[in-house]
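Construct all of the structure, not just a fragment, from the sequences and the given hints.
Number of protein chains: 2
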Amino acid sequence: MPASPKERALLSALRSRVERRAKLGSTGRVPVRVGIGDDCAVLRLPPGQELLITTDMSLETIHFRRDWHAPESVGHRCLARGLSDLAAMGATPLAAFLSLALPPELLAQQRGRPAWQERFFSGLLALADKCNVVLAGGDTAQSPAYKGIQIGNTRTGNFGSKRHGSTGLALADIVLVGSAPRGRALLRSTAQPGDCIYVTGHLGGAAAELALLQKNPKRFARVCDENANAHDLLAARAVQHPHLFPQPRLAVGQALLQRRWATSAIDISDGLSTDLDHLCEESGVCAEIEAVRLPLHPLAAARPDALHLALHGGEDYELLFTAAATTRLPRSIAGVPIARIGQILPRRKGSQPRMLILCADAKRAVPLHAAGWEHYG
Amino acid sequence: MPASPKERALLSALRSRVERRAKLGSTGRVPVRVGIGDDCAVLRLPPGQELLITTDMSLETIHFRRDWHAPESVGHRCLARGLSDLAAMGATPLAAFLSLALPPELLAQQRGRPAWQERFFSGLLALADKCNVVLAGGDTAQSPAYKGIQIGNTRTGNFGSKRHGSTGLALADIVLVGSAPRGRALLRSTAQPGDCIYVTGHLGGAAAELALLQKNPKRFARVCDENANAHDLLAARAVQHPHLFPQPRLAVGQALLQRRWATSAIDISDGLSTDLDHLCEESGVCAEIEAVRLPLHPLAAARPDALHLALHGGEDYELLFTAAATTRLPRSIAGVPIARIGQILPRRKGSQPRMLILCADAKRAVPLHAAGWEHYG
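Residue numbers (my numbering), protein chains in the order written: chain A, 1 to 377; chain B, 1 to 377.
Keep in mind that the hints were calculated from the coordinates and are not lab data. Even glycine gets a Cβ: it sits at the ideal position worked out from N, Cα and C. Treat the hints loosely; a few may be bogus.
[Stated by the list, open to error] Derived coverage of chain B by chain A (criterion: at least 3 residues anywhere in the stretch with Cβ under 8 Å from a Cβ of chain A; other residues may be distant):
id, region
1, 42–56
2, 60–74
3, 111–123
4, 197–211
[Unchecked claim] So the derived list for chain A, only partly shown, Cβ under 7 Å to chain B, looks like this:
id, residue
5, Asp39
6, Arg44
7, Leu45
8, Glu50
9, Asp56
10, Met57
11, Leu59
12, Phe97
[Said to hold, decoys possible] Which stretches of chain A does chain B cover? Using the computed rule of at least three CB atoms under 8 Å from a CB of chain B, they are:
id, region
13, 61–73
14, 187–199
This is how it looks when you write it as structure tokens:
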């Protein structure tokens, strides 16, 4: 970790913040023997478990916009992306590692308000506490500097909006480490023809909220700026804010693994159509879903393009899983509703479509193509 | 992992490349049960071991320059940074995870030559093979795009140098996972007063080569462009290129752990003065070193500022460790020379300096201050 004085200040702030939390006992089960401060973190794995690791970048203008997303939301989403990958495998989170490069203006207080980085960590650490995961290390760097670029929208006047001078982008990469009983992690490559297809929660909400943000980027950021307690905000608003504060479905994934309910699973990060396509590709199967069975999020259901958002809208971070047709599943798991939306079919020959969708107004199923995920650039 | 078509192409290229290598058996011991392609990678930890994890960013203009560093060198250095952290703890590498964001021009072939990304992976995977570490997953994204920035030096005319139009920077984050016997990992916080201080290899070479690069950035890049076999190039030139192809001291670190020789260890990534300061701070001790004992790299020894480079020059990626005064160490470990350079002193009171250096022409030791690491911006 080569570190400039500014990086060391950031690292030191992070370290004291994390250690303070650890001392407060806000994280119950701590498998971290050596945390931030040495060349590596040292972790102990519970006996009989294997290790799961995932990494996810959160890059400004690609995965978030500084003028649309409050810092607490950026931190929350950064961690949520990794936790959702663990949830999809049925894993229990152990530790997170964060690599973070920030431009100087995000390290300093702005007009008496906490610095962007402090609010970013508030969002990230609030979710970490909730999910019992320790931030055990990472890397810090100064973000590459440019001259004359525009970050954010100068009209909305959020953090660091400038047309001239030298600045940079916020760049984060989160690593999540989890564990699962040996040989039991849920895979996306093990769906079988005849299995039923399920999703958790509701679909299209994240895309619908993103569309609202696009129309009025400042509204939510202002609410966040005025409310100092990001954790309360998050807890109170999570259901209404599927895009800004997605809830990784860890308890559902763990139940699917422990009760041996699921034959395969994946998280819906790119949109249902794209992630179902991944699952079909990896499992060597086809799939048919019924439009009428898709559980629409209230934010999506109110819109004329509700079906499009539910099928192709990204970042819902719900779970998509399969179970044998003989498996009886409850209507909800760990408080999250479960909906059966279709079934797995045998692999088809040649160029036939991998996915079909039966629409309410059609007599037969039509091809469904993967079409999710767009940048914010 | 939300993925655009371009990102998926990059991911797919990486995956087939890694799987081809795995099938060829170029990596002997494979603890990876599920690699690239699912939500998480699944790893098995050898019994009686604990887990070591480190992350290191490699950001263009901060950690490397596209016009100074051949893509093979960027890939090699990216992995070497993480491996060196494992070496400092005495760990055995298990797997690496790479998060990589690239601008479009680095994904495509350039005038019939392999794409930047291909050559980056050649450098990274050659070192991975040599060190028996599997690239088991990661994340890919498009790099944030800017208008009107200049990347690289237009005179040297390397990859992607442009003053106008839209482009971005190469951004990488490497995660290294390793293992060590439970409770035995070498720490930087366990040096004791009376211990002797040692370094591996030679110091100041990386900074001296960087100074050469600064004078003539194109020379080495041209050699690399003309030689298609990066692995051979690396093997033949590593000793002469301590900056471009640093060699992580894994075998030395493992021997220090296994033979119980070291009482503490750290790698020299920020420069001897800065990393010795870290070790003293974490161990709560002071240190005195002798200038005449510092093993100068031939590239540094030829220069008038040799001592400065050896003390403060970053990125040598040698190991700095302590051993009890009664411990007899060989002159070299795993073919790497070992030099005793000073000793650990008890903590001093108040504002007295933490580190002292005895220079050849001085009668008593003078304060040594930490002063390593600069950006390439």
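The hints, checked one at a time:
1. Chain A is given as covering the region 42–56 of chain B, and this holds because 11 residues of the stretch bring a CB closer than 8 Å to a CB of that chain, at least three being needed.
2. Counting residues of the region 60–74 of chain B whose beta carbon lies closer than 8 Å to any beta carbon of chain A gives 4, which meets the minimum of three for the stated coverage.
3. For the region 111–123 of chain B, the proposed coverage by chain A is not satisfied: 0 residues have a C-beta within less than 8 Å of a C-beta in that chain, short of the threshold of three.
4. Counting residues of the region 197–211 of chain B whose beta-carbon sits less than 8 Å from any beta-carbon of chain A gives 0, not enough to reach three: the coverage restraint is violated.
5. At its closest, the beta carbon of Asp39/A sits 4 Å from a beta carbon of chain B; the interface hint therefore holds under the 7 Å criterion.
6. Annotation: interface hint on Arg44/A holds; nearest CB of chain B at approximately 5 Å, less than 7 Å.
7. Given hint, Leu45/A at the interface with chain B, holds; its Cβ is 5 Å from that chain's nearest Cβ, closer than 7 Å.
8. Satisfaction of the interface hint for Glu50/A is found here, the shortest Cβ-Cβ separation to chain B being roughly 5 Å, below the 7 Å cut-off.
9. Taking 7 Å as the C-beta cut-off, the interface hint given for Asp56/A holds, the closest approach to chain B being about 5 Å.
10. The interface hint given for Met57/A holds, since its Cβ lies 5 Å from the closest Cβ of chain B, which is under the 7 Å cut-off.
11. For the restraint placing Leu59/A at the interface with chain B, the shortest Cβ-Cβ distance is roughly 6 Å, inside the 7 Å limit, so the hint holds.
12. For Phe97/A, the shortest C-beta to C-beta distance to chain B is roughly 5 Å, which falls under 7 Å, so the interface hint holds.
13. For the region 61–73 of chain A, the stated coverage by chain B holds: 3 residues have a C-beta nearer than 8 Å to a C-beta of that chain, and at least 3 were required.
14. Here the region 187–199 of chain A counts 3 residues with a CB under 8 Å from a CB of chain B, which clears the bar of 3, and the coverage holds.
Of the numbered hints listed earlier, those contradicted by the structure are 3, 4.
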